[in-house]
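K.L.:
The residues making up each chain are set out below.
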Amino acid sequence: MAGQRFAELHLDHVRRVFGDTVALKGMDLTIKGGEFVALLGPSGCGKSTALNCLAGLLPLTGGRITLDGRRIDDLPPEKRGFGMVFQNYALFPHMSVRRNVGFGLSMRKTPRAELTRRVDEAVRLVQLEEHQHKFPAQLSGGQQQRVAIARAIVLEPPLVLMDEPLSNLDAALRLEMRTEIRRLHQSLGLTTVYVTHDQEEALALADRLVVLRLGEVQQVGSPEEVYAHPVNRYVAGFMGYRNMIPVTVTAQDDERATVRADGVELVGVKSEEVADSAVAAVRPEDFAVVTEAGENTLDATVEIVEYHGREQAVEARLRDGTQLHVRTNSRLAPGDAIRLRVPVERVLVFS
Amino acid sequence: MKARPIVWLTWGALIFFMLNLVGIVGAVVTNSFAESWFGTWLPNGYTGKWYGEAWRDYRLLDVLAVTFQVAIAVVVISVLIGVPTAYALARRNFPGKKLLNVLFLLPILMPPMTYGIPLATVLYKFHLAGSMAGVIAANLVPAVPFVVLTMTPFIEQIDTKIESAARMCGANTVAIFTRVLAPLLVPGILAASILVLVRTVGMFELTFLTAGPTSQTLVVSLYEAMSSAGIRPQQMVDSMAVIYTGSMLLLLVIALRFVNPTQLVTRLKDPA
Amino acid sequence: MTALPSLRDQRSLERASLKHRLAEKGVDRVLWLLVPGAVFVVLLFVYPFLYGLQLSFQPKGGGNPFQNYITFFSDEYSAETVWITLRLGLPAALFNVLASIPIAFRMRGRFRGKRALTTLLVVPITLGTVLTAEGLLAFFGPTGWFNRIWIALGADEPAKLTHNYWGVLFSLVITGFPFAFLLTLSYLSGIDPTLEQAAATLGASKRQRFRTITMPLLAPGLAVTFCLSFVLAFSVFPSAVMVGNPAGETHVMSIAAYETALRDNDFAMGSAIAMLMALVMLIVIGVVLIWRTTLYRGATGGKG
Ligand SMILES: Nc1ncnc2c1ncn2[C@@H]1O[C@H](COP(=O)(O)OP(=O)(O)OP(=O)(O)O)[C@@H](O)[C@H]1O
Ligand SMILES: [Mg+2]
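Protein chains in written order, with our numbering: chain A, 1 to 351; chain B, 1001 to 1272; chain C, 2001 to 2304.
Just chain A, with the same shape it has in the complex:
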């Protein structure tokens, strides 16, 4: 089962307005065939809007969508031929699992024999053989989720859209289904656009991340890029916890910036022109507790220590009162004076 591949899906300045709310402020994005793209952002940032625009369920206010150069934003959803998995699954309550999965095929007037074969295959793929004659109300959340996925992929759509498909599941099932979705993507090679507000889920699944905020794209890149090199303060804060240390910029060149924090000099990397007053973003685990003085070090006092197994989570305070979260293997106790060193490439300076 391999989807009809396309080379490139192009969103060109796609806008969507609801009354006075601008849900999507001109989104530009190119999706390549076979890719797994995650749209990531907090609640209300326009992820579902973007997905529904792609699906054709919402008309655009402006902009256009082209598939291999062919304009598709004026096609109704049923003519675009994309598959979609909804957050609350939206299974047809009056049809059995098999009828749900086969619905799209029967809409396409697929011959009986082929329909049976393809439904069998899809049901097997999502491991629902035992439950294929049940109705949605008789299934657990995870099983309903699988039906929704099977219903979307049985058509071998060029593009599968998923809107927070795991958000209604409990933590353990969510992990299991996450692996399942990744497995399906790898074995079928279906191009997928996946919406989530969970950065961990996005990092684990996607080939490429699109970070949204207030209807605007903040950054597009591979999980490593976005995780390690966020382009701005907002993305840095959203992709895992970072200490935001207020600093004054004393010097900067194309790549690096020298800043003063708590009376000492730090050197960090930057991705944009920074103003004099800026923040340095540092992850808790990027600090190393050292004894000797040296480049890029800060002095702090330990205040609270939490034991987390192999490592300790430490809350420390700089002399000027700034709080720092630090993760370390060293054994520390409240009241200890410590010196923290952080590598230059791990200090991200943003305005």
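Since the hints were made in silico from the structure, they are not lab data. Treat the hints with care, as some may be off.
What the hints assert, rightly or not - Only pairs whose alpha carbons sit at most 20 angstroms apart, straight line, appear in this in silico DMTMM-like list of lysine to aspartate or glutamate:
1. K1049(B) to E1035(B)
2. K79(A) to E8(A)
3. K32(A) to D12(A)
4. K1098(B) to D2028(C)
5. K1125(B) to E2259(C)
6. K32(A) to D68(A)
7. K109(A) to E156(A)
8. K2060(C) to D2192(C)
9. K79(A) to E156(A)
10. K1125(B) to D2266(C)
11. K1098(B) to E1156(B)
12. K1125(B) to D2264(C)
13. K2206(C) to D2192(C)
14. K32(A) to E224(A)
15. K2060(C) to D2266(C)
16. K32(A) to E8(A)
17. K1161(B) to D2028(C)
18. K79(A) to D2264(C)
19. K134(A) to D120(A)
20. K79(A) to E1035(B)
21. K32(A) to E225(A)
22. K1097(B) to D2028(C)
23. K79(A) to D68(A)
24. K109(A) to E121(A)
Claimed, not checked - Example chain C residues on the side facing chain B (calculated, C-beta under 7 angstroms, incomplete):
25. V2027
26. Y2051
27. F2139
28. A2199
29. M2277
For every residue, glycine included, the Cβ atom is placed at its ideal position computed from N, Cα and C.
Got chain A sorted already, so can you dock chains B and C with the ligands onto it with the hints?
P.N.:
Relative to chain A, chains B and C with the ligands alone:
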């Protein structure tokens, strides 16, 4: 728990009402079986012959056939018109929706006479009065709004995501209606149909105003029989009334199998 | 990212087609579904109604367009129908609503025979006006069972309960009560019983709970029930003829309208009476609904 006077009063009044009701119905039923009954507690003999005579003299078979045809036509047409309307009204907010809502509420709020007389006039103008088509058209006026009102809550409770999902599976509008919405709406459509059926069979004014000799429904011929009483024995009218009530009772029993009794009235949520 | 040229914004805004802007306002192909319904309501309701309205201003004899209305109000016999109809309709509707409150109250909750009792209360719907009329004439008539018992209890002469105001009122109660009762019951079961329980835990007595919790939540529903009961009673026609005194004390508006239009063939005058009927109706309903807007009308916490 000590029963308070109001409770006794309620039950007492209810029992008094029921006793009277039994007396009223009982008097008619008794008379329909009476040889003759003048100024005594009970008739001086019983017979079932009046039913046969009423059946023949009033040509009840024809009347029942007309009643049945009118009622079925009204049910089918009002469902075909009312369900799509209810769908659009439930799903879309468009300019002018308030006005349309009011227009669909008025025929239920207005006494049938008020629009029945002008409607009859118009039907006379177009030579439709007296025909079965005219009777059906007149009965549709309250039936369609009733279907709209009954169906709207049923439609509102279907998640729009289900329709979106069907669209994503490639279903066009017709397929969404026939394959997804219709099966989910069957209980609602059934309820609405039965309620319209009961109301149409019982609707007097509109049929009376528009029917001709060949397009009378049972209620109307019953009324005519009663107003021209004197020609025929009272017992015949009474047996016809019993036949009418019997068939309504049958419909009601069927209706109550499918719908909650409170639905018999209306599913008005918030008029105006 | 924020400072991208606004020129592009401009261009894409212009590209937002009319279709999309209409869809934004809820105008799209789905509205085609309204066409049959709209055509129907315009053709069979709005048009006849407006036709009747303009016909009422074209009196049969020509002349003053308001002649029909003037004639109606200057002739005491016809002018009185308004009062006669209200005198039947308002008490009947009021009685039906008020009587259904305590009964609906008893029918809340579960008890044995509830379904049977509900069905029994609903049965009068099936009676129809003719059987009710025949029954009333026979039962309440001078030699009917009711008067036999009445005289056996010591009365001097039979009570006159048919062919007058009372006969019609009884008929309106019998046919109207089931409707009022069912509506009240459905509104009452829409009120979450835990609200009353909550009030009870706060120390409210039965009477206080009824007055401060149930009644305020039920009142808007009762207003609607009253309106619908009133429509039913106000339209009274066949029973006013059969058990009333159609030429006198129960000469209601429906009879006047019907007789003028279809017996005397004066459609203009008949329409005028129909329009007046609609007007009186709308005034009463309007007053009730305006009163209703002063009530709390939000969620009642129940299943609806
Ligand atoms: N039908 C609508 N009418 C009006 N405003 C809407 C509508 N749908 C979405 N919005 C607004 O558009 C913005 C983006 O909504 P969207 O549903 O795309 O958010 P989201 O990123 O999917 O959030 P969530 O994670 O909570 O699902 C929000 O501010 C929302 O209020
Ligand atoms: Mg969303």
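K.L.:
Next pair to validate is K79(A) with E8(A); report whether the Cα-Cα distance is within 20 angstroms.
P.N.:
holds, 18 angstroms
K.L.:
Has the given pair, K1098(B) with D2028(C), been kept, meaning a C-alpha gap of at most 20 angstroms?
P.N.:
holds, 17 angstroms
K.L.:
Regarding the pair K134(A) and D120(A), is the alpha-carbon distance no greater than 20 angstroms?
P.N.:
Holds. K134(A) to D120(A) sits at ~15 angstroms (cutoff 20 angstroms).
K.L.:
Could you grab the alpha-carbon distance between K79(A) and D68(A) and see if it respects the 20 angstroms cut-off?
P.N.:
holds, 16 angstroms
K.L.:
What's the verdict on K32(A) and E8(A), does the C-alpha distance respect the 20 angstroms limit or exceed it?
P.N.:
This hinted pair holds, its Cα atoms lying about 5 angstroms apart.
K.L.:
With the threshold set at 20 angstroms, check whether the alpha-carbon distance from K1049(B) to E1035(B) stays at or below it.
P.N.:
holds, 9 angstroms
K.L.:
What's the verdict on K2206(C) and D2192(C), does the C-alpha distance respect the 20 angstroms limit or exceed it?
P.N.:
Roughly 16 angstroms separates the two Cα atoms, so the pair holds.
K.L.:
Can the restraint linking K79(A) and E156(A) be considered satisfied, given a maximum Cα separation of 20 angstroms?
P.N.:
holds, 14 angstroms
K.L.:
The hint names M2277(C) as touching chain B; please verify it with the least Cβ-Cβ distance against 7 angstroms.
P.N.:
Holds: closest Cβ of chain B sits about 5 angstroms from M2277(C), inside 7 angstroms.
K.L.:
Is K1161(B) close enough to D2028(C), meaning Cα to Cα at most 20 angstroms?
P.N.:
holds, 18 angstroms
K.L.:
Is the shortest C-beta separation between A2199(C) and chain B less than 7 angstroms?
P.N.:
A2199(C) check fails; min Cβ-Cβ to chain B is 18 angstroms, beyond 7 angstroms.
K.L.:
Against the 20 angstroms threshold, does the CA-CA distance of K1098(B) and E1156(B) hold or violate the hint?
P.N.:
holds, 17 angstroms
Checked against the numbered hints above, the structure breaks hints 8, 18, 20 and 28 and satisfies the rest.
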